[in-house]
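Colleague: Residue numbers (this note's numbering), protein chains in the order written: chain A, 1 to 109; chain B, 1 to 114.
No false leads were slipped in.
27 Å max Cα-Cα, derived DSSO-like pairs, lysine-lysine: (1) 70/A x 56/A; (2) 51/A x 96/A; (3) 57/B x 96/A; (4) 57/B x 70/A; (5) 96/A x 56/A; (6) 57/B x 13/B; (7) 36/A x 56/A; (8) 57/B x 36/A; (9) 57/A x 96/A.
Hint data in this document are derived by calculation from the structure and do not stem from the laboratory.
Residue-level listing of the chains:
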Amino acid sequence: GQQVMQIPQYQHVQEGEDFTTYCNSSTTLSNIQWYKQRPGGHPVFLIQLVKSGEVKKQKRLTFQFGEAKKNSSLHITATQTTDVGTYFCAGTNDYKLSFGAGTTVTVRA
Amino acid sequence: KAGVTQTPRYLIKTRGQQVTLSCSPISGHRSVSWYQQTPGQGLQFLFEYFSETQRNKGNFPGRFSGRQFSNSRSEMNVSTLELGDSALYLCASSFEGTLGAEAFFGQGTRLTVV
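Chain A with its partners taken away, still in its complex shape (with noise of 0.2 Å):
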């Protein structure tokens, strides 16, 4: 079946510093959406890519969709303490959703 692997598992940023999250997937997706989780809270929707090599950015976040439609990455630039949470990609294939395992964030001042 259709598995979305998701790394790192867990990534520990300096304040001001840039880091990537990658999400990858067995099999061809439809579109692709990225959500966070703050500790304590539940999933929170960030964006949806739909288009092949699709590139887009919200303030310091940017998401891409891979050529092939099977990986996709956030980038977040000059992390800030309200960063922190998990990360969670999410492919849908053949009408599942299927999310990867999350990249939980830490953030040190």
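Following the hints, put chain B in place on chain A, whose structure we already have.
Modeller: Relative to chain A, chain B alone:
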């Protein structure tokens, strides 16, 4: 508009018992999906209901079941509870379902099985 509402927020049950969790989606949303979240396994898809029909199902045993009512509210039932069923159960609603539409999550029900 009101968000996704899950009740109860916390629940403690004994092994062997059964439990029913409730999810009220955002008004107008016809799709409700259920997920199990544990520290080691991440977000695991349980099933999706759309217009009262189960449209998708994850790889969980038959002890996990659900249903959706005509007002789109959904319930999830777990029978013969096991210790390993302790988790945060999240439901998410969307207008179109798992067809690329944004999913809105509820706060979750934290189930502890003792």
